Structure formats: C-alpha cells, structure tokens
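Q: What follows is the residue order along each chain.
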Amino acid sequence: MTVQARQRAAVLEAFRAAGIRQVLTDPVEVAIFAKDACPLDQAMPAFVVVAESADDVVAAVRVCNRFGLPFTPRAAGTCISGGAVPVADGVVISLAKLNRVLEVDLENRCAWVEPGLVNLHLSEHVRPYGLHYAPDPASYMVSTIGGNVAENAGGPHCLAYGVTTNHILGLELVLATGEVISLGGKAAEYPGFDLRGLVVGSEGTLGIVTKVLVKLTQNPPELRTLLISFKSLADAAAAVSAIIAAGVIPVALEMMDRPCLEVIEEYIHAGYPADAEAVLIVEVDGLPGKVAADAEQVAAIARGHNATEVRLAADPEQRARLWFGRRAAFGAIAKLKPNYYLHDFVVPRTRLVEVLTRIRAICEKYGFIPLNVFHAGDGNLHPLIVYDYAEPGAYERALRAGEEIIRVCIAAGGTLSGEHGIGIEKRDLMPLVFSPEDLAAMRRLKRAFDPKNLANPDKLLPLEPADREAAD
Amino acid sequence: MAVSADLRENLAGLVGSENVLTGPETLLYAVDGVAPKAVVFPETREQVREVVRLARRERLGIIPFGGGTKVGFGNPPAAHDLAVVTRRLNRVIDYSPADLTVVVEAGLGFDRLTDLLRREGQFLPFDPVGPGRSTVGGIVAAGLGGLRRAFYGPPRDWVLGVAAVTGDGELIKGGGRTVKNVSGYDLCRLFTGSWGSLGIIVELCFKVFPVPPESLLAVLGVAAVEDLFSLGRDVWRQVPYPAATLGLDARSARDLTGRDSGGGALLVLFSGVRPDLEFQLDRLRSVAGSRAASFDTVSNPDLPGLWSRLCDHPDLVGRDLPVWVRLSVPPAEIGAFASDVAGCRFLADFAGGIINLYLDSGEPAYLTDLRRRAGAAGGSLALGRAPADLKATFPAWDPLPAPDLMGRVKRALDPDGILSPGRLVT
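Sequence lines, in order, name chains A and B. In terms of this note's numbering, the first sequence is residues 294 to 765. In terms of this note's numbering, the second sequence is residues 5 to 430.
With the rest of the complex left out, here is chain A:
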C-alpha cells in the first residue's frame, strides 16, 4: 500500500469508527459531487460523507480536523459560483438527508429546520398556518435552506422582504475545529457579536450549519400582480426608477428583455406580449387599501413611461401564469444553446439603462446576444450569455465578455455579486472592490473560525500565492 492509500484507509476507518454509516469512495459514485451548477471548475473528492444527522456532521468534521482534510458542505449542489465544488482529494459532507422541519413555533412565527430542507418544502409545510418563508431564489424548488444560508440567497420577493440574512434568527454551527456553537435565537437581542450575520453568506468557509432558525412571514391579505409591456428597454428601466422614487416598494419588480421574452414564448408559451422590447412583472401586497393604491400608482407611472400594455392578473391562476414564464426562463433558455453563463451583479437602480446598454454592446462585440431576466427593483442584473461549448473558442469568448461586463458594473458603483456568491467564480476578482487591508481582515476572520483553513477552502477570498502554487 502506498502512503496515500494507507492514509485513505485510516480516514475511512475513522469515519466508520465515528459512527458514520455512509461514506462514498467509489469514483463513479463520487463523481457527481465533483461539481455544482457553476461551469468553471470541478474536482474529485476522495470521500463523500452522507450525513444522516447533525451528529454525523460533527463526527465527520472532527475526523477532517484530525487528518487535516479540507471539507466542503453540500446539499442540492445548485450553487452557480462554485461554492459546492470540493478540493481535490478532500471531503464532501452531504447534508441532503438532513431535511426535516424540527419545530414550527406559531406563537413566535419561526421554525427550526435542518439545512438540507428544500426552500419550497418549508413554505409548503407552513402554508396551512397562513405563513411562508420569504426569500425565494429562482432555484427555490430544489435549493436548500442550508445552501441559501451559505450564499445569503435572494430572489424576486426580496425587494420588500429582504434577503436570507434578514430571515435567519439563529444557527447551530459546527466549526472546523469540531466545536459546536449556537448563535442567535427567538429573542431580538443577545449579547456579543452578530456572528450569525457573519456566517450567513460565508459560503461554508466558516463551518457547517446543522440547524437553522428561520423567521416565518404572514401571508399577505391581498396581492396584485401586473405585467407591463414597453417598446423600449430605456422606458422600462426609467419606469422602475420612477416607481421606487414615487415611494412605492413593490414586493417584486422583475424585468425581462426581448431576447429573453422570445425564448420564453417559444418554449413555454407563458402568454407574454410578443412585440415588447421589455416587460416588467410587478407585485404589490399588504392590506387592501395599500395594494389598490400601489397598483394604481404603478400602472399610472408605467403609462407615463409609454407602457404599451398594463395587464393585471385577475386571479391566482393568472398570477401563476405570469410568474411561470419568469420562473421557467432558465429552463427555456437551456433549449436555445447547450451552455449558458449566468451572471449576477448589482448596480444602483439609477444606472440600469446605461449598464444594460453597455452589456449589450460588449456581448455583441464577442458575437453573443445577451438575455436579460433580472430583479430590476434591486438593480440586480442577471445577464445571460448562451453558447455552445463544442464551438471552438465560444467558452473563452463567453468568459472574456463576462469579465468586461463585471468591470462595467463595478465602474457604475456596482458590486461583484448580489445573490449568487463569490465562490470560485469571482474570488480572484475580489480585489476589484476590496483593498488589500479589507481582504486581510476577512482572512483573519476566517482564521478565527478555522485556524487550519479546512472549511471549504479556496472560496470567497482570492487565492494567496502559496495557495495558487498548491492549486497548480
């Protein structure tokens, strides 16, 4: 036996001795854990621990700590920034089986859940009580609460309700050292630093979350959804700014441009207007008086910005139809070309038109037509470049176009990522927005949680020269 093989046997034996029943090592079984939904990178782990309880997670982390093995938590693997891509020959700790709702506290409107619970399943679970979990990333039918916590996920309804961090009241966290800590809770104020806030969005680099206390939101008494068509993108974007500036905060304010609408109509038949250059989906909720006033004001502002059609969903079925096209957009786009590169930037709302125009010019320069379907109300852009990997040079051109787009967004006062995360995808772009001092402070925080750098290493922060050599 080689040293490596002996070490592998010892690690496997340690997992088993710790009571973990399911550890995958067969390359065929392990292969699906080598990548997530990010097209940029993959790496074969040596072990996949399929945790069946929080205790399994603790035990697995302690083994990793003992042997100095890097580990990557994973649930649904839908991350699009590479956050769930393991380190080569490291350990994946799968949380997919930790998918229970542990407690629903109706009195305090919150619930303890496990990290592998699918986002939508949580809302379905509490629907009988007139409650829901507000953050709804596009992947909400498959992505999990643990993944949402790791990425601080957003979604269409975050405009009024806030993103994941605004809905996480408490966490149980296993540190890379094997310590288990509990942060936050059902009360409003606890002493000490808001480490719960630091952990949300930390992409698994500070430890593994094994329990999550989520806030539950009352279902609104009234809800109205409008579909508004425009002949020009500029009019649509100006309407977005005007709606916000008028003091109306819709719960969702989504935009789709013509290339995107065409694809959706061709494959999904959502009933969107065929001749529009851009459409907005605007949703307002709350008490009936506010909803009526907001809907009226939105419609009036839209007409004042040359809207060609303002369509109001008359019933839940029509509302579902309007949302269906938006929700299914990425599925439809996948039929256009085999590969796509989905971006995620945020710019100040007032710079939307300018940035969209420049994105289109950049894409055209590289021979692509960008599709835009995004959270306009937040200024959160998701330009999407479709390409065929088999076509020579197409992938490289898509990457180069992406980099140029990033620089345009940053120059417009924007940021690297609004909701998809930094992961592997954008780690080396971090110096575009953060100084060496900022990054050094973040590194020290990481070390405070994880002195041996075992928790999902090489994500979120740019590689240091030593890491880079090791990776090469």
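Worth double-checking, as some hints may not be accurate.
As the list claims (entries may be wrong) - Just so you have them, the derived chain A footprint on chain B, three or more residues with Cβ under 8 Å:
| no. | stretch |
| --- | --- |
| 1 | 103-114 |
| 2 | 146-152 |
| 3 | 166-175 |
| 4 | 189-201 |
| 5 | 327-333 |
| 6 | 415-421 |
Hints listed in this document are in silico derivations from the structure and should not be mistaken for laboratory results. Computed from a prediction, not measured in an experiment: that's the story for all the values here. Here a beta-carbon is modelled for each residue, glycine too, at the ideal position from N, C-alpha and C.
Keeping the supplied structure of chain A fixed, place chain B upon it in accordance with the hints.
A: What follows is chain B alone, placed relative to chain A:
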C-alpha cells in the same frame, strides 16, 4: 500628569490642539466613573486611523463616542485612556433618493440625517434613544432595535455598507452601496451591535424607506398591568400589521398623554393609507373590547412630538431612575414578566419581545433571578445603565454565546485589545 502632557502633544499633532481635551472636561466622557486621559475629535477617517495607531503603540484603551446616549451599556472598561468622539465626522457623502440609499459619515447626527431624508419623503426607522444627540455610527455600533423594530427590522437590516478603523489601525470596509450584496464576508452585520469592540465606524451606507402616507397612534388605557400584557399579546397576534405595539406603565402614560389609567396604556401605531388605518383601528377596537378602559387616537400634528418623547424612554420613563434593565425574550414569552414590572416604570414592545425596565436601585439577587428566567425563556437581560457598584457585582450582559470564538473574532480585528476593552468581549 507627565503622561498626559506627552499624550496631549502627540494627539494635537494628529488632529490639532483645539481638537484635544485633557482638562476637567474629560469628565463629560467618563464611562462607569472612569474619565479618559484625553478626548480627541478627529475630522477625517485618516485622523481616526492615526489616533488608533498611536493608541496601539502606546497601549492606550479607546472608547469610541458618538452622542454618548448608550454609554451606560457594557461592563466597566478595563481601560479608558482615550475617548475618540466621531461628531466631526459628519458629512453626507452621497444621497441618492431614487436608489433609496444614503452614504454618510458615522458621526452625523441622526436628527440631521432625518431632516435630510424627510425632504425627499424618506426615513430610517431606527427610533433611537436620545433622538437629538445620537449619531448614526452610535446607533449602528449599538445595533439596538427601535420601537418599530418588529415591523421594519432592527438597524442590522438597513446597513448596506460600512467602513471602520479596526484595532490594528487599518481602515477597512465591507458591503457597498447596492441594496443587495454578497461579495465577501458580511462585515455590515459584524460591526452592527459590536459596541465599539472591533473598530471605530467611520462611514455607513444605509438603505432608506419611503415615509408612510399617514400614521396614527391608538392609546388604550387599561385597568391592570396583567391586562396590558395580555392585551398587548392579543393585539400583536390578531391585529394586522401594527407598526408598533407598546405598553407603558401608568405614570409614564400619564406623563406622555396627560391621561390617567390604572394599569398603564397600550400604544399601537399604524402606518399606511387611510382606508387601511380605519380597518386596523376597527380590528383593534374589537380585539380590545371591554379591556380598554379608554381609547384615544393621536395623529398629526401631535404624533411626531409624542413619538419622539416615547423613543427617548430613558428620559420619559426612566427619569431620575439610575438603573435601566433591557429584557429581550421571544415575543410569546413576554407575558410571564408582567408581574415583575408591576409597580415599576417600563416601556414594553410586545411585538419585539422587549421590556425596558427602569429601577431606582437594582438588587443583584433580584436581577440575577430575572436574568435566569429571561434565559430560561430563550432570551437575555442587559443593563442599559447602572451605578458602578451594581455593575461591579452584576455583569452588564448575559454570558456570551461561543465566548472563545467571540474572543478570537475580537483579536482578529483588534489584536491588542485596545478598543472598548473589557466592555463586551474579552
């Protein structure tokens, strides 16, 4: 004092001698009875950085100051050599009403920011104590939720970007100027509620919100404190979307409204459009039923003045009472504490699960029991102010969760422990 003369000179070299105090005025910046050796008023973030670097070289303990409105929180300082006052860092850097964002320096007064935002029909729902004196940096450093916390969220939900000088003398930033951002670790959340223990906040970007079209406060008198707590709970559960659901002891209620009520007053704030307000008021009336001995409403122009006095509860409710106890429990558990506050002066937030209790003396045994029960209910108890002798025997905070990790986080940004030493995390 020889040390003082040298220190004064060094500080004057950094910020100008007119911006350094070393005389008896330093008493104004005393913390738990300890006056600093010097008080310094930097005007730029670079000056803050240089002051921190000097303090680090000289091993001086710093306590950052905004308006000083929440300085009563925290354990007695292990060292208080230098008060760094941010009031001169008070510029508005960028206000973009159409983006609903504003970037300001940390020493800006909350009232000045409020005036600026109001001109564009916007606001920040922080409701700080000491409204005329508190600074935005102090509000964020404390992180305490205001009276409308349950409806609008605490300050942590409104901070989009932060810049701070950390204890190692570096100027760092987190977040940005956009309403969504997941780039890097969330330093905004980390600094919010860090009580000056990690860095001196120098700049903040906030998300702001449109002022609601109309607001109305219902004031319900009740016969007994127990009724107040049960009614508060029912209102929070059954009346749709109150912006605040508060309970006030009888004397404070009389001081505020001029009306007598035996057991105190329930104050319910509604914000929105007129038809909804009518609907909400109707619901409130039917939920209250005969439990409300009186039912009044306050709207503009009287509401802002009344609300502002309410926000300043350490003065309205706690006047002449040296001990401020802040109890935070899951909202459904708050009723269990009704008998504890009977006969005392207090402001309760039923939706937020918070009781601000004011006492003329705090018996450590009584407070220890209260703290134990708050903990058993899933909450915590903090001192908002207390005489030094009480603080010497009764810790200002509950034991920290994950104290080892908190210590490591503190040292990651403040390796020599010079910022607010001993006050929160050691």
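Q: If a hint holds in the structure, say so; if it does not, say that too.
A: Hint check results:
Note: the stretch 103-114 of chain B has 3 residues with beta-carbon separation from chain A under 8 Å; the three-residue rule is met and the coverage holds. For a cut-off of 8 Å, the count of residues in the stretch 146-152 of chain B with a CB near a CB of chain A stands at 3, and the three-residue condition holds. As drawn, the stretch 166-175 of chain B meets chain A at 3 residues by the rule of a beta-carbon pair under 8 Å; at three or more, the given contact holds. Look at the stretch 189-201 of chain B against chain A: 10 of its residues bring a Cβ nearer than 8 Å to a Cβ of that chain, three or more, so the hint holds.
Remark: the stretch 327-333 of chain B is confirmed as covered by chain A, as 3 of its residues place a Cβ nearer than 8 Å to a Cβ of that chain, reaching the required three. A stretch counts as covered by a chain when three or more of its residues have a beta carbon under 8 Å from one of that chain; for the stretch 415-421 of chain B and chain A the count is 3, and the coverage holds.
Of the hints listed earlier, there is not a single one the structure fails to meet.
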